[in-house]
Structure formats: structure tokens, C-alpha cells
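Please arrange chain B on chain A, whose structure you already have, making use of the hints.
Take a look at the letters that make up each chain.
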Amino acid sequence: DTEVTQTPKHLVMGMTNKKSLKCEQHMGHRAMYWYKQKAKKPPELMFVYSYEKLSINESVPSRFSPECPNSSLLNLHLHALQPEDSALYLCASSQVTGTVNEKLFFGSGTQLSVL
Amino acid sequence: QKEVEQDPGPLSVPEGAIVSLNCTYSNSAFQYFMWYRQYSRKGPELLMYTYSSGNKEDGRFTAQVDKSSKYISLFIRDSQPSDSATYLCAMSFYGNQFYFGTGTSLTVIP
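Protein chains in written order, with the working numbering: chain A, 18 to 132; chain B, 617 to 726.
Isolated chain B (complex conformation):
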């Protein structure tokens, strides 16, 4: 079993839709959770970072962590064509190792 599981998609939604992206994990020691957005042939860009259960909001983005279920989500409201990218979840607990999901490819159709 992989440490972090993420549905690769692809996911296709109309402009303005609410997008839900999810990751599950197996290691209850994970404490720090990140979401990255990656455009084709570019480096991943850190979108959201949280270290506690609950919700964290930043503009159109909301990161949700449920440690009891070992489940994290990223919600994108009012999705735009510019949100079309691959979204990676990542986690860490101690030391200098980060564990990545496989990434979900999202296309927002105008």
C-alpha cells in the first residue's frame, strides 16, 4: 500500500464549478499537509499548507484535513480555465522527507 493515495483523474469540469480533490493516507504520524498546483513542464507551486485538522481558506481555495479518517481535500470554488493543471498533495511528519500523491489532472472548460 502506498503511503499517499490520490485519484489521478483526469477530471474535467465547466467553468464556475466547485472542484473537489482528495487524498488518503495510511501513516497516522503525518502532521503537515500541502497542496501543490503544477502546470505542464513547470515546477509545483505551493497552494495551501496546514498542520491541523479542520479547514483553511485562501481566496477560492479551501484545504480540509480529517486526521481521524486520514483524508485531506482541496476545494476550488468558481473554477477558472487558468486552474487547469495537475494538483499534487504532499505530507510530512519529521525529518526531511515529503510524501507525494500521484497528482490529479484537472481541466476547466470555458
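With the rest of the complex left out, here is chain A:
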């Protein structure tokens, strides 16, 4: 099983709403990631959790708040977003071997529209 499951698949929210994106993997991976992807661009790293601890925050605005409740789950809490935050949000996970994270596996993404 090489599946990373993301919900919801689509989300439309207003600028005053609070919503959460959810991600789950059962591959035993100890690193989990949030990426943001705009059309015709590569994925852009937002956050990395390694062994359930936040290890990388790529200067993401505080209106995005990640959470890693356990080694299989990753959430992204959204609040007071702007229209320019509309994008495909991707969760990913990877195996950790020593100091190397191998084989990044992506979920199918949440297509977010902020009105």
C-alpha cells in the first residue's frame, strides 16, 4: 500500500471561514509534508514534520497552521485565507533512513478555492 489519503478533495471557503485539510498514511513513514501547488508550477514546500515534530516551516503565513496528531495523520488548519491562497494543497510522506528521506509519496490533493 503506497497510498496517502487526503480529504476533502475540493473545498470552497470564504475569507472569514475556518476549515481543516486532513491527510493520512499507513506506510509507516515518519516524515510528512504539506505542499502548495499553483497551476503549471512545481509543488512548493510549506511544512515538514519528522517523527511528529515540526522540522521545517518555509515562512508560511500564520493563517496556515499545521498539526501532526500522530505518525499517520497530518492536518492543515486554515483561517482567514486570502483569494491568492487558492491552489492545490498536497500532502506527502516519505520513509526516513538514517539522514535521508527517500521516495516522496503524494496524496491526490485538495483543490482549494478562496472567495
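In case anyone wonders, no lab produced these hints; they're calculated from the structure.
Among the hints, erroneous ones may be present.
Straight-line C-alpha distance at most 16 angstroms; calculated EDC-like pairs for lysine to aspartate or glutamate [stated by the list, open to error]:
#, chain 1, residue 1, chain 2, residue 2
1, A, LYS58, A, GLU101
2, A, LYS53, A, GLU119
3, A, LYS35, A, ASP102
4, B, LYS658, A, GLU20
5, A, LYS70, A, GLU20
6, B, LYS686, B, GLU619
7, A, LYS26, B, ASP682
8, A, LYS58, B, ASP682
9, A, LYS58, A, ASP102
10, B, LYS658, A, GLU61
11, A, LYS57, B, ASP623
12, A, LYS36, A, GLU84
13, A, LYS57, B, GLU621
14, A, LYS120, B, ASP623
15, B, LYS683, B, ASP699
16, A, LYS36, A, ASP102
17, B, LYS686, B, GLU621
18, B, LYS618, A, GLU20
19, A, LYS39, A, GLU20
20, A, LYS36, A, GLU119
Relative to the frame of chain A, chain B by itself:
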């Protein structure tokens, strides 16, 4: 200079053609190389993974790595309309950072 360079295309080929997709990189420390296929509005799907120079084959796909030239390629044989997608190369060396190319858009015409 970007860490990873990839021609964005678009690339258009007839069905059955051999497709060659390429990336160059500047950091000789990269050790792990991946190719992803991404359909519109979907997450990238890992197609090929290699960590050594040379060729790796999986069905119609062959990944080639030339570390001396800092150049990687993905070849698709007998291309099908279902191969129409964006192909992303990605690389890593240590830690939990992955470096992506910009992606090449491929259309296979029936």
C-alpha cells in the same frame, strides 16, 4: 541558477513515439532521483526512483542518470494518449528536502 532545470515544453508527440524528458542539476551532492507523473488537478504519482548512475527500466519507462554530467532522463516507449500529463523530476541528498524541476507538459496525440 536554479538547483534543478527542466524544459517546460509543451511537448506534443504522435501515439507510439518514443518520448525523452530531461532534467539537469547543479548540486553534485544529489543522490536520489525521482520522476513523477501528474494529471491535471491531481497529486503527482511516483513513476521511477533511482539512486545510482545508469539505467533503470520499468515496463515502458526507463530512467537514466548520468551523475558526471548532472543530467537525468526519462524515456517513454510506445507512448499512449493516457501518458498525456505533466512530468516532474525531483532530487534529494540528505535531510527532508526534495528539489523539483518545473515540470514538462506532454501531449500524446492519437
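Against the structure, the hints come out as follows:
A threshold of 16 angstroms between alpha carbons decides the hint, and for A/LYS58 with A/GLU101 the separation of about 15 angstroms falls inside it, so the pair holds. A C-alpha spacing of about 20 angstroms is found between A/LYS53 and A/GLU119, which places the hinted pair above 16 angstroms, so the restraint is violated. Between A/LYS35 and A/ASP102 the CA atoms are separated by roughly 14 angstroms; this keeps the pair inside 16 angstroms, and the hint holds. Restraint check: the Cα-Cα separation between B/LYS658 and A/GLU20 comes to about 14 angstroms, which is no more than 16 angstroms; the hinted pair holds.
Straight-line distance between C-alpha atoms of A/LYS70 and A/GLU20 comes to about 22 angstroms, which puts the hinted pair past the 16 angstroms bound. Proximity of B/LYS686 to B/GLU619 is assessed by CA-CA distance (about 11 angstroms); at most 16 angstroms being required, the pair is judged to hold. Restraint check: the Cα-Cα separation between A/LYS26 and B/ASP682 comes to about 38 angstroms, which exceeds 16 angstroms; the hinted pair is violated. Between the alpha carbons of A/LYS58 and B/ASP682 the distance comes to roughly 25 angstroms, so the proposed pair goes past 16 angstroms and is violated.
A threshold of 16 angstroms between alpha carbons decides the hint, and for A/LYS58 with A/ASP102 the separation of about 14 angstroms falls inside it, so the pair holds. Between B/LYS658 and A/GLU61 the CA atoms are separated by roughly 15 angstroms; this keeps the pair inside 16 angstroms, and the hint holds. For the hint pairing A/LYS57 with B/ASP623, the CA-to-CA distance comes to about 12 angstroms; that is within 16 angstroms, so the pair holds. This hinted pair checks out: A/LYS36 and A/GLU84 have alpha carbons roughly 13 angstroms apart, not beyond 16 angstroms.
Proposed proximity of A/LYS57 and B/GLU621 is supported: the alpha carbons are some 15 angstroms apart, at most 16 angstroms. A hinted pair counts as satisfied when its Cα atoms are at most 16 angstroms apart, and A/LYS120 with B/ASP623 does not qualify at roughly 23 angstroms. For the hint pairing B/LYS683 with B/ASP699, the CA-to-CA distance comes to about 27 angstroms; that exceeds 16 angstroms, so the pair is violated. For a cut-off of 16 angstroms, the pair hint linking A/LYS36 to A/ASP102 stands: about 13 angstroms separates their Cα positions.
For the proposed pair B/LYS686 and B/GLU621, the alpha carbon gap of about 11 angstroms is at most 16 angstroms, so the pair holds. For the suggested pair B/LYS618 and A/GLU20, the alpha carbons sit about 31 angstroms apart, so the restraint of at most 16 angstroms is broken. For the given pair, A/LYS39 sits about 14 angstroms from A/GLU20 by alpha-carbon distance, which is consistent with the 16 angstroms threshold. The suggested pairing of A/LYS36 with A/GLU119 is violated, with an alpha-carbon distance near 31 angstroms, which exceeds 16 angstroms.
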